[in-house]
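Number of protein chains: 2
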Amino acid sequence: MLEGVGVVGTGPLTNLLLSTLHSVGIKVVAIWGPTLEQATETARHFRIPFHTDKIEDVLLHQEVDLVWVTCPPHLHSQVASNALSIGKHVLCERPPGLKKEDAVKMVTAAQYYPSLMSVMTLGLRFLPSYLRTKKMIQDREIGDVFLCDIKMSCGSLLGDKYNWSCDENMGGGVLNTIGPHIIDIITFLTGEKIVKVRGMLKTFVKQTDCISGIRHITSDDFCTFQAELSRGATATITLNTHVPGQFRQEVLIIGSDGRLLIRDADLHGQTASMPREQLLLADIQHIPEKQKYIN
Amino acid sequence: MLEGVGVVGTGPLTNLLLSTLHSVGIKVVAIWGPTLEQATETARHFRIPFHTDKIEDVLLHQEVDLVWVTCPPHLHSQVASNALSIGKHVLCERPPGLKKEDAVKMVTAAQYYPSLMSVMTLGLRFLPSYLRTKKMIQDREIGDVFLCDIKMSCGSLLGDKYNWSCDENMGGGVLNTIGPHIIDIITFLTGEKIVKVRGMLKTFVKQTDCISGIRHITSDDFCTFQAELSRGATATITLNTHVPGQFRQEVLIIGSDGRLLIRDADLHGQTASMPREQLLLADIQHIPEKQKYIN
Numbered sequence: 000m001l002e003g004v005g006v007v008g009t010g011p012l013t014n015l016l017l018s019t020l021h022s023v024g025i026k027v028v029a030i031w032g033p034t035l036e037q038a039t040e041t042a043r044h045f046r047i048p049f050h051t052d053k054i055e056d057v058l059l060h061q062e063v064d065l066v067w068v069t070c071p072p073h074l075h076s077q078v079a080s081n082a083l084s085i086g087k088h089v090l091c092e093r094p095p096g097l098k099k100e101d102a103v104k105m106v107t108a109a110q111y112y113p114s115l116m117s118v119m120t121l122g123l124r125f126l127p128s129y130l131r132t133k134k135m136i137q138d139r140e141i142g143d144v145f146l147c148d149i150k151m152s153c154g155s156l157l158g159d160k161y162n163w164s165c166d167e168n169m170g171g172g173v174l175n176t177i178g179p180h181i182i183d184i185i186t187f188l189t190g191e192k193i194v195k196v197r198g199m200l201k202t203f204v205k206q207t208d209c210i211s212g213i214r215h216i217t218s219d220d221f222c223t224f225q226a227e228l229s230r231g232a233t234a235t236i237t238l239n240t241h242v243p244g245q246f247r248q249e250v251l252i253i254g255s256d257g258r259l260l261i262r263d264a265d266l267h268g269q270t271a272s273m274p275r276e277q278l279l280l281a282d283i284q285h286i287p288e289k290q291k292y293i294n
Numbered sequence: 000m001l002e003g004v005g006v007v008g009t010g011p012l013t014n015l016l017l018s019t020l021h022s023v024g025i026k027v028v029a030i031w032g033p034t035l036e037q038a039t040e041t042a043r044h045f046r047i048p049f050h051t052d053k054i055e056d057v058l059l060h061q062e063v064d065l066v067w068v069t070c071p072p073h074l075h076s077q078v079a080s081n082a083l084s085i086g087k088h089v090l091c092e093r094p095p096g097l098k099k100e101d102a103v104k105m106v107t108a109a110q111y112y113p114s115l116m117s118v119m120t121l122g123l124r125f126l127p128s129y130l131r132t133k134k135m136i137q138d139r140e141i142g143d144v145f146l147c148d149i150k151m152s153c154g155s156l157l158g159d160k161y162n163w164s165c166d167e168n169m170g171g172g173v174l175n176t177i178g179p180h181i182i183d184i185i186t187f188l189t190g191e192k193i194v195k196v197r198g199m200l201k202t203f204v205k206q207t208d209c210i211s212g213i214r215h216i217t218s219d220d221f222c223t224f225q226a227e228l229s230r231g232a233t234a235t236i237t238l239n240t241h242v243p244g245q246f247r248q249e250v251l252i253i254g255s256d257g258r259l260l261i262r263d264a265d266l267h268g269q270t271a272s273m274p275r276e277q278l279l280l281a282d283i284q285h286i287p288e289k290q291k292y293i294n
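Sequence lines, in order, name chains A and B. With numbering that gives the first Met the number 0, the residue at position 243 of the first sequence is 242, and numbering never jumps. With numbering that gives the first Met the number 0, the residue at position 177 of the second sequence is 176, and numbering never jumps.
What you were told as hints is all true, and nothing was included just to trick you.
Cβ pair distances, simulated, as ranges:
(1) A:Gly190 - B:Cys209: 29 to 37 Å
(2) A:Ser255 - B:Gly198: 17 to 25 Å
(3) A:Gln110 - B:Trp163: 52 to 60 Å
(4) B:Arg131 - A:Leu15: 35 to 43 Å
(5) A:Trp163 - B:Glu227: 26 to 34 Å
Anything over 12 Å on all C-beta distances counts as not near chain A; from chain B, calculated:
(6) Ile25
(7) Glu40
(8) Leu59
(9) Pro71
(10) Thr120
(11) Glu140
(12) Glu167
Please keep in mind that the hints were generated in silico from the structure rather than gathered at the bench. Cβ atoms here follow ideal geometry from the backbone N, Cα and C, with glycine treated the same way.
Please put together the full structure from these sequences, using the hints given.
This is how it looks when you write it as structure tokens:
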């Protein structure tokens with residue numbers, strides 16, 4: 000049992016994490032924020048006993064057993080490696096645009112301290128629909144998989160200020176941010192690795208009302224690619240951040256004997272034994288919201 | 000006013016055409032079928048006074064002013080050119096897999112007889128949603144268009160016998176069959192021509208229960224490509240024939256000030272003046288069918 004968690008990061012995603020940890024009774028004992036003001040505010044809101052703007056203060060905090068890394072991506076590798084080196088477990092948000100040398104550094108640190116838990120969070124594969132899809136594919140309910148067609152659409156990933164998310168070299172962009180989750184679930188669902196890729200990245204919007212002047216946005220806001228998988232299947236992926244007001248994801252898996260479609264968090268499908276496509280799994284967490292559309 | 004129409008072709012699409020012509024009071028006076036039996040059956044069903052299995056008999060028929068070409072695609076160019084050369088108007092289904100030399104032959108014949116009407120039917124652009132979309136783009140309601148994202152999914156295009164649709168060289172496949180309509184509406188809606196293309200064709204299913212033995216299917220059953228347009232916009236197109244039981248099309252046009260989405264035959268969208276996405280045009284012909292989903 001973990002005694003205490005230290006969180007390195009603030010912002011909307013961190014707030015979501017803190018709420019979730021609180022709701023399942025996991026104790027957060029220390030928080031870091033990029034400014035003392037942000038750290039103070041988050042600590043006050045979530046009643047976290049210790050806050051700081053110095054990362055090492057969280058890592059070295061006596062009650063911290065596990066460090067949860069949600070800070071800006073360029074810091075991830077260093078924070079994760081340092082935390083492991085002083086004997087702390089690490090749960091790290093997958094940093095967008097992780098450079099190979101930084102990834103190697105993290106993997107090396109994780110292997111060097113095998114008694115410590117070190118997890119890179121690519122969360123999509125833990126959703127019930129993805130777990131069920133994987134099982135159905137493994138049980139050969141749709142035969143041989145030959146195609147994964149994946150589409151994701153949402154509004155702009157940029158905030159109202161210029162920051163790392165605007166810069167292709169700092170890990171910004173839709174491929175850096177969403178892409179790894181998609182690549183992960185392709186491998187997870189099909190059991191195949193991607194061996195060849197062809198595609199394009201586009202930055203259609205180079206300035207916004209908030210981000211203008213000398214600085215231009217260089218991170219991609221649209222991305223589409225095709226991938227060939229190790230046993231011959233094909234995957235097509237389109238990630239589009241020009242559809243404000245909604246976050247939609249559709250993962251369509253087609254096999255020789257049927258197909259499965261994860262739409263948002265629900266699973267639909269048709270196997271050889273079904274006369275038509277049907278809802279196979281509804282994500283109960285979303286049902287109240289869905290009632291709006293169904294009724 | 001046209002006195003009489005001669006139809007060169009039989010089959011489901013021709014039956015649909017004959018019903019439509021009948022419903023608007025246009026008189027079909029002659030029909031050709033690949034066998035006398037097929038011609039006889041269609042003629043009897045639609046009460047067409049003359050039927051034959053010789054194409055020239057339709058073209059030369061005295062009461063035929065306009066020849067409507069819906070026969071197998073490899074005959075289109077010849078039938079259309081011959082009909083024009085003896086003074087008949089021509090309305091020709093766009094032949095899948097039209098070869099350049101055959102296209103040139105048809106265009107030459109059409110230009111040589113300018114008093115005759117010669118139309119290649121690419122029908123999508125005549126649907127109300129597409130007309131409205133074009134007008135909204137022209138009126139700059141969504142600003143500068145930078146992306147068209149087009150997805151089409153349906154069941155297999157193949158029948159229960161081996162024929163031209165199974166063969167990539169005879170005009171079979173989803174790119175040959177659906178592609179031209181998509182290419183046409185990209186140009187129609189944006190006013191831009193495609194200048195560069197990158198993509199892939201796949202034949203995932205090479206044999207079916209009905210088409211097996213020595214013969215293999217060579218026509219593509221899945222196709223995805225990206226296109227660059229002449230004024231800098233990008234189009235992404237995915238055509239998928241592995242979703243039986245439905246025909247879905249989604250044309251998403253994204254501009255600097257908003258977006259338009261043609262889903263099936265309806266138009267949804269959000270322009271700068273709208274607080275959220277809304278239904279802009281419902282195709283009334285489909286409403287009864289849609290009630291099933293709405294209620």
